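> Could you put together the complete structure from these sequences and hints?
Number of protein chains: 2
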Amino acid sequence: MSKETIGFVGTGVMGGPMALHLLNAGYSVCVYNRTKAKAEAILEAGGTWMESPGELAAACDIICTMVGYPTDVESTYFGDDGLINRAKTGALFIDFTTSRPDLAVRIAEAAEKAGKASLDAPVSGGDKGAREAKLSIMVGGSESAYQRARPVLEIVGANIVYQGPAGSGQHTKMCNQIAVAASTMGACEALRYAEQSGLDPATVLQSISAGAAGSWSLSNLAPRILKGDFEPGFYVHHFIKDLKIAIESAESMAIELPGLQLALKLYEELAAMGHEQDGTHALMHWYRSKDS
Amino acid sequence: MSKETIGFVGTGVMGGPMALHLLNAGYSVCVYNRTKAKAEAILEAGGTWMESPGELAAACDIICTMVGYPTDVESTYFGDDGLINRAKTGALFIDFTTSRPDLAVRIAEAAEKAGKASLDAPVSGGDKGAREAKLSIMVGGSESAYQRARPVLEIVGANIVYQGPAGSGQHTKMCNQIAVAASTMGACEALRYAEQSGLDPATVLQSISAGAAGSWSLSNLAPRILKGDFEPGFYVHHFIKDLKIAIESAESMAIELPGLQLALKLYEELAAMGHEQDGTHALMHWYRSKDS
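As they're listed, the protein sequences go chains U and G. Mapping the first sequence onto the numbering used here, position 19 (from 1) lands on 1013, and the numbers just tick up by one. Mapping the second sequence onto the numbering used here, position 241 (from 1) lands on 1235, and the numbers just tick up by one.
Don't read these hints as lab results, they were simulated from the structure. Every value quoted in this text rests on a predicted model; they were computed, and no experiment measured them. Mixed in with the good hints there might be a few duds.
Identical chains share a label here; the pair holds if one copy fits it or two copies do between them.
Cut-off 27 Å, straight-line C-alpha distance, at most; resulting in silico cross-link-like pairs (DSS-like, lysine-lysine) [unchecked claim]:
#, residue 1, residue 2
1, Lys1259, Lys1284
2, Lys997, Lys1284
3, Lys1122, Lys1107
4, Lys1284, Lys1238
5, Lys1238, Lys1082
Next up, the structure:
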């Protein structure tokens, strides 16, 4: 049985390495990206360039997307030249973008109506996880679509969990970002207290990182903060996008998440200070700016 | 060389097991506790009962304290029958209580003036850490006092870190509690979002616990929340005490820690709801009470 042809829309820092892994696993891979230059590595490795998402959809069996914002997802999937309209009957969509749960449901409904299937499958693990094919993938959609996608997901991910019907992958990613926001805030506040009270923050980390205060943020972001390294792992402006989706979603469910609201407020102030293109741990600048 | 005699004031869920470990390590241990019944296990194991902290201080070389609140620390150390006045010249105090950094400095100054030495050495690791002698101990005070105390600390702790002059141990513990508060809040908010969005929260944890969202709270408290087990590891009312100390201390340093302020507000509302005697992860009840 010959392998299905895979299309990949969005070959940036995340989608690029993911598409390469699929190529290296023996799949035929068609690619489209708004900026063609960012697809060059994949084309050199044997990928096929497509002139539009619609053209790509018409040529592929499984169509992956990893684009920026929910508005990008929407314009890629819908419309006359969109993926849903142009894909062949029986095609499967996998959206790796972190996007709105309600949009994932809309895509799933439209896809089903058109005789196609879809999954929302946002990831965590960052560009490092993408390069090393160790992404955590949170999957929403029908179980049959999940079973069909599983061999593809296994090529790019390490912790692949089926979470439930359409939108469940996005909801799970929101849970992830909510916890990330709180622990990043906590790491920054602990460090801020440490430096202002005359402690050596690195020595403080030796006391607190392994116990009940421990978190990925404290173990991974705090040491970078202390080195003055604010390079993005994950961009502030992308994180703001995610936190906004989480808050809108929480509001639609009528639940109160004051920690999440506070985190978004601080990150928006941080962005206004000019740190949109820094990593999320640049939140430390917010705290340091509040010296009185 | 015969071992120094150790006194232990406060033999509750933390101090009790610690005093027992010291006895079992071959030290002579004198004990005092407000409620004598809570010292029985130590007396049966060979400890010596003392009628007051002052009497205990007069009989010992190293005097450990593990009492409840800063006001208890203050009344134990100061006054005519207090530890500082009654202890022999050359005695060493080790306060394991989580207490005010400025009080630790006052004790250190008064002790030095009286020809005695002191350390602030708050711990983390809970009653389990105390029973297993695996506490993390954050030490503030003079380096010579630290070197003298080290053999004693090694009997009750596993991660013993010298943090600097008097008060530094307490400041480090505040850093710890600040990070704990944020990650506990994050774990509760992630679970609240999960359960309200129709996800299976336990399946969500499979996706998010091992990555960037990971924390001790998410790995250890979240599963207990899902089982409906709100037994204290650490009591809400003790946590409120700690968060208040952290906030007063942050205010005195003129730094803004809005996450910490939010956490205290939520925990005070939780206590007002009747959850003072539950574990800190009972914070989940706050979120569940906000259904609209």
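> Could you tell me which of the hints above the structure violates, numbers in ascending order?
Failing hints, ascending: 2, 3 and 5.
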